[in-house]
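Q: If you count the sequence shown from 1, position 185 lands on 185 in the UniProt record's numbering, and the numbers rise without skipping.
Don't take every hint at face value.
Claimed, not checked - Label pairs and their calculated CB-CB ranges:
hint: 1; residue 1: P162; residue 2: G27; range: 33 to 41 Å
hint: 2; residue 1: R7; residue 2: E147; range: 37 to 45 Å
hint: 3; residue 1: P97; residue 2: L143; range: 39 to 47 Å
The hints are simulated quantities; they were obtained by calculation from the structure and are not laboratory data. Since the structure is predicted, the reported quantities are computational estimates derived from the model, not experimental observations. Virtual Cβ for every residue (Gly too), placed ideally from N, Cα, C.
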Amino acid sequence: MIESTDREVSGRRGKLMVREWATPNPGWIALIAHGYGEHSGRYQWVAEQLVGARALVYAPDHLGHGRSSGDRVHFEDAETIVADLDALRQEVAAEHPGLPIVLIGHSMGGMLAGRYAQEHQEHLAAIVLSAPVLGTWHVLDLLEHDEIPDTPVDPATLSRDPEVGAAYLADPLVWHGPFKRATLRAIDNCLLAINDGPTLERPTLWVHGEDDELVPEADTRTGIDRIRGAEFHEHIYPGGRHELFNETNKAEVMNDVLTFIARELNS
Numbered sequence: 001m002i003e004s005t006d007r008e009v010s011g012r013r014g015k016l017m018v019r020e021w022a023t024p025n026p027g028w029i030a031l032i033a034h035g036y037g038e039h040s041g042r043y044q045w046v047a048e049q050l051v052g053a054r055a056l057v058y059a060p061d062h063l064g065h066g067r068s069s070g071d072r073v074h075f076e077d078a079e080t081i082v083a084d085l086d087a088l089r090q091e092v093a094a095e096h097p098g099l100p101i102v103l104i105g106h107s108m109g110g111m112l113a114g115r116y117a118q119e120h121q122e123h124l125a126a127i128v129l130s131a132p133v134l135g136t137w138h139v140l141d142l143l144e145h146d147e148i149p150d151t152p153v154d155p156a157t158l159s160r161d162p163e164v165g166a167a168y169l170a171d172p173l174v175w176h177g178p179f180k181r182a183t184l185r186a187i188d189n190c191l192l193a194i195n196d197g198p199t200l201e202r203p204t205l206w207v208h209g210e211d212d213e214l215v216p217e218a219d220t221r222t223g224i225d226r227i228r229g230a231e232f233h234e235h236i237y238p239g240g241r242h243e244l245f246n247e248t249n250k251a252e253v254m255n256d257v258l259t260f261i262a263r264e265l266n267s
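Modelling step: build the complete structure from the supplied sequences, incorporating the hints.
A: Next comes the structure, spelled out in structure tokens:
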């Protein structure tokens, strides 16, 4: 196991806790944007695979998530978190000038990565979107209620491996309460902005599980089709649920991701 170290980064609304996984001879930088309600510590295995491919890996806990500051899972503007990602990017790029940067976003983090890429494409060598919230998202229907009902994430939707769901439920840094209205509105506004934004000109890989009930592939595709650029690749995995990096075929998924990144960095 490769131990991570911690750093603090000044975000727009407070301190961000960032996990860093180092390698002695880095060839590139990987930035990971995690999903709603979770935290960067859940990407330990992913980080180890990236380090094995000579990446320096940085993964922040977003505002209101994990060990970062802010009310839990509460933010009023997704652009705040996009700005936080750029603050981290600027810091690590200054420490390691010349290393190409790959942004990897999962679920809500995929939405944030997509928006970041629209605004800061010049800083990225490639983009990886894992089950990104793009296009439309059925969870936003909760905004129709006067009071947001308590509808926690069903751990069975995460992976075919039951241990993943059990660990998710037992994780004290994972949010297990109801969605926040302000956060849902911020996500809705971000999706609208992405739909009206520029296409992704940097090489992009989209990976998604065919049986993803939390973020259905068909809904994401409506957003992907609006922003996909000339160099766009996708892998849709039969039977895969929401967290492909925690799925029973995670080695296959990671191999596809690393193959894509290696090809783009060497091209």
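Q: None of the hints should be skipped; say for each whether it holds.
A: Hints and how they fare:
no.	hint	in the structure
1	P162 to G27: 33 to 41 Å	36 Å, holds
2	R7 to E147: 37 to 45 Å	39 Å, holds
3	P97 to L143: 39 to 47 Å	44 Å, holds
Every hint from the earlier list agrees with this structure, and none is contradicted.
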